[in-house]
Amino acid sequence: MENEARTRILARARHGGRDHSAQQIRQLREGLGSAPAPVAPSDDLAIAFMSRLINNGASVACVPNRSAAVREIADFLYRHNYDRRLITANDPKMATLPWRDGGILPRFATVGDKDPVAASYGHLGIAETGSVLLPSDRGNPARNSFLVRDHVVLVDAADVVANYEQAWARIQANAQPRGLPRALHFISGPSSTADIVGHLVQGAHGPVTWQCIVIGQLPDDTLERARELAGK
Amino acid sequence: MQQTSDNFIAAATEALHNDYQQATRDFLGQMAPKATAAARANFGDWDALRAHVKRIREHSLDHLAYYLEQYEAAAQADGVQVHWAEDADALNRRVLEICREHGARRVAKGKSMVTEETGLTPYLESAGLTVTETDLGEYIVQQAGEPPSHIVGPALHKSVDEVRELFLRKHDLGERALDGPPELVAEARTVLRDTFLQADVGIIGANALIAESGHSMLVTNEGNGDLVANLPAVRIVCTTIDRVVPRAEDATAMLRLLVRSATGQSVTAYTSFYGGSRREEEQDGPTETHVILLDNHRGEMLEGPFRDMLHCIRCGNCLTHCPIYVAAGGHAYGWVYPGPMGSVLTPLLTSLEASSALPNACTACGRCAEICPADIPLPDLLRDLREEESQQRLNPRRWRLGIRWHARLLRFPRLYHGLSRIAIAALHRLGRRRGAFQSLWLAEGWTGQRDFPAPQSSTTFMQEYRQQSRQSLHSQKAQHDGE
Chain A
9 MENEARTRIL ARARHGGRDH SAQQIRQLRE GLGSAPAPVA PSDDLAIAFM
59 SRLINNGASV ACVPNRSAAV REIADFLYRH NYDRRLITAN DPKMATLPWR
109 DGGILPRFAT VGDKDPVAAS YGHLGIAETG SVLLPSDRGN PARNSFLVRD
159 HVVLVDAADV VANYEQAWAR IQANAQPRGL PRALHFISGP SSTADIVGHL
209 VQGAHGPVTW QCIVIGQLPD DTLERARELA GK
Chain B
60 MQQTSDNFIA AATEALHNDY QQATRDFLGQ MAPKATAAAR ANFGDWDALR
110 AHVKRIREHS LDHLAYYLEQ YEAAAQADGV QVHWAEDADA LNRRVLEICR
160 EHGARRVAKG KSMVTEETGL TPYLESAGLT VTETDLGEYI VQQAGEPPSH
210 IVGPALHKSV DEVRELFLRK HDLGERALDG PPELVAEART VLRDTFLQAD
260 VGIIGANALI AESGHSMLVT NEGNGDLVAN LPAVRIVCTT IDRVVPRAED
310 ATAMLRLLVR SATGQSVTAY TSFYGGSRRE EEQDGPTETH VILLDNHRGE
360 MLEGPFRDML HCIRCGNCLT HCPIYVAAGG HAYGWVYPGP MGSVLTPLLT
410 SLEASSALPN ACTACGRCAE ICPADIPLPD LLRDLREEES QQRLNPRRWR
460 LGIRWHARLL RFPRLYHGLS RIAIAALHRL GRRRGAFQSL WLAEGWTGQR
510 DFPAPQSSTT FMQEYRQQSR QSLHSQKAQH DGE
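Taken in sequence, the protein lines are chains A and B. So the first sequence is numbered by my numbering: it starts at 9 and just counts up by one. So the second sequence is numbered by my numbering: it starts at 60 and just counts up by one.
A few chain A residues facing chain B, derived, Cβ under 10 Å: (1) HIS23; (2) LEU40; (3) VAL47; (4) ASN98; (5) ASN152; (6) ILE179; (7) LEU192; (8) SER200.
To be clear, the hints were calculated from the coordinates, so they are not data collected in a lab. All residues carry an ideal CB built from backbone N, CA and C; glycine is no exception.
Could you build the full structure based on these sequences and the hints that come with them?
Structural data, given as structure tokens:
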């Protein structure tokens, strides 16, 4: 019966559409080109990326290397009154961080129902929106990104691209033989809602605090310039 | 959801007498357009983006069967079970069957207008399942037993006091203050945590389907959609056939339009692309995934004069720009979709007979068409529906007679202009002292609510126009002769 429904739905779709071969359809789509991207707040990708993150309500840190990143995580845990135990997913980049430099005891696992904080390593940053890509794989259980109260995400400055078009090109290029990951999460800040009288509240069902640590040899004033650009 | 669109006038009148809700809508009608206008201005070449997405959507609809089959093949290759539903009942039945196959008792739902359209929640509840809406606005209206009043902010009509009273009544958490929105949000977060963790089945919608990859795009701010999509063992995506686009970058191009037009943001907190079930090496995610593709009259729309309506991206921008929506509120429309887009969609998805008041809920100001990111000519579509309404004799006989006589008179321009001159001169003479009429024969519908302004002179527009044209010609001729 469902098969008959499929046949009828597709028949109506065909009847209301145009009769082209698959090759012609591909050519027609190719001819439509790419979408215009928004005006970038800065020509510097890292500054543009961080200013967007700040606008999105994320807290942002900029560090020169992996050791400093670990110390920044430790500082985050201290500021939020957590002990030095941290859940991070079983990501190779996470596993090789110099955790001792921050005195952190990482547990490579998926968060439990009550765990309040987790850290992840983003595959990409998108300057257009201030988003970080966390694809589904061993290293990125969705629970670690959505169930915790506080989420820390690291991303390499070298992995920041200008816009979605560049991000998709990179994702396609890195795809495994079996295709794209089964889920791709672009996260741009803490969860929020304005559903009660239009009053914006940070921290709805997903993380209340979302900290992004950008790792790279960037000029000292990069974060300051991003803050100025964001007006914060 | 039971449709009450034929009660539009009475419901709108009632809404106008609710001072709090009227003030809220006035505020929304002022602030939301400002926020979305600022987001459009900051984008850069907004018109080029709008034109590009329109071309993509038109191309997708032109080749809908091809892209649906491509989507189905890609999704199935990723382990998704794809189902086809011709109408609301078919979708509801299929969801219930999936729930029963898994012995599910608890269902968590993300925000989905499609399942509002099909009435899925009451259908599953009547079959004994516990269904919880997890989007905060949807949760509030579900607890209150009300329909959504706005497609993006379903509970924006409720005051803080009303939500507080509702939570105190519904949540057995003892005495507490719940002073404002942050405390209310925190309580909903706490209460709904168990819903996410205990649900057997998660149901979400889709903002777009990607033919190339078999993914569906989900755009949210609260994070509830992603918790619903990832925590329960079974995920069901309920969506419609017109959501399919060729490539992932087409979906993110649409995303640029959607977010700015819906909330005035440049991006939402979460944009996720979902394919199949958990893979062997992964530690979480659903073990079974379903996508249900609903037609529900969209195939008919594709072939007919209302095809443009399939371009709608459900941003809700036309609602807050519409003077009728701002005055009457979402509930007056009596079904799932309010505002200008709802006034077009409701008759097409239900029946014109059951919603014949809606195409008339329009001042023809054109703001909706001007700001629609999908470039849908909403006032034209509403006019076409009014024409159809007249052809089907669904509007009052008196109204039809008036239009028929007016049309006959227009066939004789001299007579029409002559009568207009007499009428304008008479109205000017009778009303010049007060400047307006408090009551007027044949215009009681107008004067019952407000004064009818008296013409400021005894001449018609056409007389003034001709006179000024003659004067302009004379002065040009005099200037020419002088040279």
